[in-house]
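In this text, residue positions in the sequence shown follow my numbering: the first is 1, and each later residue adds one.
FYI, nobody ran anything at the bench for these hints, they're computed from the structure. Since the structure is predicted, the reported quantities are computational estimates derived from the model, not experimental observations. Note that beta-carbon positions come from the ideal geometry of N, C-alpha and C, so glycine has one too. Certain hints may be false.
Unchecked claim - Here are the in silico distance ranges between beta carbons for each label pair:
#1 D81 <-> S60: 22 to 30 Å
#2 S108 <-> T128: 32 to 40 Å
#3 G56 <-> I90: 40 to 48 Å
#4 T128 <-> Q59: 19 to 27 Å
#5 Q130 <-> P39: 17 to 25 Å
#6 S60 <-> Q92: 29 to 37 Å
#7 T123 <-> T147: 50 to 58 Å
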Amino acid sequence: MLLSRRSFCIGAPLALGGCGFAPLHNGAAKRGQIAFDPPKDRVSFDLRNALEDRLGTAQSPLFRLSYKTEIREDGVGITTDQITTRFNVIGQTQYTLRRLSDDSVVTSGVVDSFTSYAATGTTVATQTAQLDAQRRLVVILADQMTTRLLVSLS
1 MLLSRRSFCI GAPLALGGCG FAPLHNGAAK RGQIAFDPPK DRVSFDLRNA LEDRLGTAQS
61 PLFRLSYKTE IREDGVGITT DQITTRFNVI GQTQYTLRRL SDDSVVTSGV VDSFTSYAAT
121 GTTVATQTAQ LDAQRRLVVI LADQMTTRLL VSLS
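Based on the sequences and whatever the hints tell you, model everything.
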C-alpha cells in the first residue's frame, strides 16, 4: 500500500507534465497586464476591486477588460403569513477581454452564481445582510472570471 501511494506521488506530476499540463501559479506572470473599465456603480466598483486583488493593478497593460454585471433577488423563504424571510441574490457578469494593441477580442464569456441572506432581523440587520450577500456574490463572480481569463491567457 505504501509503495503504491509513493509511486503515485512520484508518477502523477511526471504524467501531468508529459500531457502539457502546466499550473497557473495564481497568474503571477499576468499580474498588472489587464486594465479594467472604470466602475459605474457600487457593484462594478466591488467587482473591479476583487479583480484587481487577483490580477493586480495595471502597470503596463496589454489588455482591457470590459464587463457588465446584473444582480437580482428572488424571495425563497415565505412564511404562512406571506412574509419573505430568505432571499437568493442571483448575479451574472458578461465580460470581454481585448488586446490593446489591435483591439481584437482575446476572450469573452458569461459567469453566474448566487448567494443568499436571511431577512428575519431588524431593518438594519437585513440591509447589512443584503449588502454582504451582494459582496460575496461579486467575489464569486470575480473568482470565476479570473480562472477563465488566466486559462485564456496561458
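Going down the list of hints, with the structure as the test:
At roughly 59 Å, the beta-carbon separation of D81 and S60 lies outside the given 22 to 30 Å, and the hint is violated. For the pair S108 and T128, the supplied restraint of 32 to 40 Å holds, since their beta-carbon distance comes to about 35 Å. Range check, G56 to I90: Cβ separation about 29 Å, and the 40 to 48 Å hint is violated. Between T128 and Q59 the beta carbon distance is about 36 Å. The supplied range of 19 to 27 Å is therefore violated.
At roughly 19 Å, the beta-carbon separation of Q130 and P39 lies within the given 17 to 25 Å, and the hint holds. For S60 paired with Q92, a C-beta distance near 31 Å keeps the hint of 29 to 37 Å intact. A C-beta distance of roughly 37 Å is found between T123 and T147, which places it outside the suggested range of 50 to 58 Å.
Of the numbered hints stated above, those contradicted by the structure are hints 1, 3, 4 and 7, listed in ascending order.
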